[in-house]
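2 protein chains.
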Amino acid sequence: MKEIEGGVTSPKGFKAAGVFAGIRKKKKDMAMIFSEVPCIAAGTFTTNIVKAAPVKWDMEMVKKSPFVQAVVVNSGVANTCTGATGMGYCRDMAVTAGLNLGIPTEAVLVASTGLIGKQIPIDKIKTGIENLVPILGSSKEDGIMAAEAILTTDTRKKELAVEIELSGKKVIIGGMCKGSGMIHPNMCTMLSFITTDAAISKELLQEALSTDVKETYNMISVDGDTSTNDTVLLLANGLAGNHEITEKNEDYEKFAEALNFVNTYFAKRIAEDGEGATSLFEVKVINALTKEQAMKLSKSIVSSNLTKAAIFGHDLNWGRILCAMGYSGAEFEPDDVDLYFESSGGKIKLIENGIELIYSKEAAEEILSKPEITVIADIKMGNQSSTAWGCDLTYDYVRINAAYGS
Amino acid sequence: MKEIEGGVTSPKGFKAAGVFAGIRKKKKDMAMIFSEVPCIAAGTFTTNIVKAAPVKWDMEMVKKSPFVQAVVVNSGVANTCTGATGMGYCRDMAVTAGLNLGIPTEAVLVASTGLIGKQIPIDKIKTGIENLVPILGSSKEDGIMAAEAILTTDTRKKELAVEIELSGKKVIIGGMCKGSGMIHPNMCTMLSFITTDAAISKELLQEALSTDVKETYNMISVDGDTSTNDTVLLLANGLAGNHEITEKNEDYEKFAEALNFVNTYFAKRIAEDGEGATSLFEVKVINALTKEQAMKLSKSIVSSNLTKAAIFGHDLNWGRILCAMGYSGAEFEPDDVDLYFESSGGKIKLIENGIELIYSKEAAEEILSKPEITVIADIKMGNQSSTAWGCDLTYDYVRINAAYGS
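Chains as they are written, first to last, in the working numbering: chain W, 1 to 406; chain V, 1 to 406.
Chain W extracted, bound-state conformation (with noise of 0.2 Å):
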């Protein structure tokens, strides 16, 4: 597998575009992905009982639709808590882009993001997507264009590509998601797109992609807050012309790895651009009896409060994630437990068997001063880990989320 340059437009046969339609305020705010031919397609969606319209459309199509070609996604107004009305401006989207693009209503795919409440501007969104269509185009700068326009809160574009070789054949997977606040997934994720030329049926694309889900975007938290929005949508168009993949063969398992590469860096790039965020904070914990274990005590650690405003003061209370461990509902012996800081400014061990070792404080604070920091707690119980990835919670995301619907 290798990384290559590009996104959502990378494999054979997708287009993309973004525009603005006057939803947000002189920023980008409207996508569209496009398959020149018919797609297979798996998603997984937020388990919040609250539902915005697309994701209750989205669900819908992907179990029904016996292919789909697009996805118009809109930022700026989630169309959530907007009853019946909203339900049916998002059918107006697909109707709207389906009628431009030539292809079935049933086949394209809806996403919004944003204020939670209020009615999208469907005229604009229907002149946005009138303007989508001619524009699409198949370039790394159409792909840009698309991952731009999805953004809300989020400060930097994310995309990916990356090359396998499936019988013989090049295949790529490229993609591009949003996330920045409302960010703890749970079973699901955030705003996803990822696209596919391999050729795959459409029961395993789905299990590649839920089993996926489960280690990368639903063990990041930004925020605690299971959004009403979260989807990630996989589209594969079999233009790499290898060899339907249609059991657990290598050739799976190569996709899966892959697969799992661009989900794990999108997963860190949602955490890493989280509101208000001045750093990555990654938490290993290792050593486990169950990977169930590992996963309850990594993201409950991740997730803390305290634990995140003590990373983003450089403050090394490591008591508030011993704490963390203690909450989160999983067992394990607090006076076995070994506790690491590590970053690019060095790894320093803090706590064994439960108590705090004399370390150099100056080392430590050089170690907590980097953009990047990982805690990595050996709980000495067996051989399963878990990674969980978050974001320091600063005065940012304060100032951020004070005045957001305003």
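Hints in this document: simulated from the structure, not taken from any laboratory.
Certain hints may be false.
Since the list can't tell identical chains apart, any single copy or any two copies may satisfy a pair.
Stated by the list, open to error - Derived DSSO-like pairs: lysine-lysine, alpha-carbon spacing no greater than 27 Å straight-line:
1) Lys370 x Lys118
2) Lys361 x Lys118
3) Lys347 x Lys118
4) Lys380 x Lys361
5) Lys202 x Lys170
6) Lys118 x Lys12
7) Lys140 x Lys169
8) Lys56 x Lys380
9) Lys349 x Lys118
10) Lys26 x Lys140
Given the coordinates of chain W, assemble chain V onto it according to the supplied hints.
Structure of chain V alone, referenced to chain W:
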């Protein structure tokens, strides 16, 4: 029942004191409560697997000790994650207090609050205990000294006393508590010390307390972090002379009602004085099918970082409230929800059947500008309700917690 001026020293036979022992910088940091006669004790403690040494001590003593007669408390250091040495120091506190008071070691309960992971300065603490014993007194001022000495990042002391009549005798319940950060009690609570001169069996004393904390302390959240030191102790010395309560009769109901009044008061004061808070944030979920459902929903809203930041910004971002209800784990129908905001500035209905109403933004902002804000969510499923309390998420929360350990 009537509220009277006072605190832990208000019930007959209870004395208290507070001193500066040199643990914190220039602030009183040690307190003692003493009953002239033996008491029965009830307690509820943190469910965090990582438990402070004094929590372990108290859990054992409340269970095993035939009677208790004193509580010794230090602030500044938590005596958590301190291993066998810390457990020994905790015992030393009880031994020293017992010797100086002339009571058995097992009749002394201990509580510590502050930074996790550092050993307590046992010599200073022993001297503190020696200084506390001779100045124990039963006046309101003595109670105030104790209430001040248990604080950490709290900005104000928290005291209350109420008077009830049981079998023709005046019975008093008094208390003091602290709590400001690492507040998200779970089947347990913060440091809260309640004294009473009621005569009541140990079994009913514990039952009254255990039942009540579920709807009081367990319904508050400042930051989602369940502490390692949460402790509520309830001491009853029987000096009021009422017929001992040994069954769930009318007297028990009166006592339980008064206890609920005291614990609700303290829960609200802890929430309101959350680290960095500028407002008390109250959430009422009404017309739920079950109490448990109402509690899950109200606690989820009050714990949402995004909602708390919006309250700080006086921002009507009600979608975050629906979102937090949606990921609470409780079932409900989003399209049936009515939502109200209420404060001393008025009451306004924002949402009806899940959809935003037209309302005056000025009127809503006037309501949100008050120091106590209530959100009411009517889910129209039954007749159960629940109230939770929290506070806003502010720049000061981040400031306080980015540097607490340094």
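The hints, checked one at a time:
1. Proximity of lysine 370 to lysine 118 under the C-alpha cut-off of 27 Å is restricted to the inter-copy arrangement: shortest distance 26 Å between copies versus 40 Å within a copy.
2. In this homomeric assembly, lysine 361 and lysine 118 come within 27 Å of each other (Cα to Cα) only across copies, at 14 Å, whereas the closest approach inside a single copy is 50 Å.
3. Taking the shortest Cα distances, lysine 347 and lysine 118 sit within 27 Å of each other only across copies (22 Å), while inside one copy they are farther apart (48 Å).
4. When the C-alpha separation of lysine 380 and lysine 361 is checked against a cutoff of 27 Å, the pair qualifies only within one copy, where the shortest distance is 26 Å, while the shortest distance between copies is 56 Å.
5. For the homomeric pair lysine 202 and lysine 170, the shortest alpha-carbon distance inside one copy (20 Å) is at most 27 Å, but the shortest distance between copies (75 Å) is not.
6. In the homo-oligomer, the alpha carbons of lysine 118 and lysine 12 never lie at most 27 Å apart, since the shortest distance is 37 Å inside one protomer and 59 Å across protomers.
7. Within a single copy, lysine 140 and lysine 169 get their C-alpha atoms as close as 22 Å, which meets the 27 Å cut-off; across copies the closest is 84 Å, which misses it.
8. In this homomeric assembly, lysine 56 and lysine 380 come within 27 Å of each other (Cα to Cα) only across copies, at 23 Å, whereas the closest approach inside a single copy is 43 Å.
9. For the identical chains of this complex, lysine 349 and lysine 118 are inter-copy neighbours only, at 16 Å across copies versus 50 Å inside a copy, given an alpha-carbon limit of 27 Å.
10. Taking the shortest Cα distances, lysine 26 and lysine 140 sit within 27 Å of each other inside one copy (23 Å), while across copies they are farther apart (62 Å).
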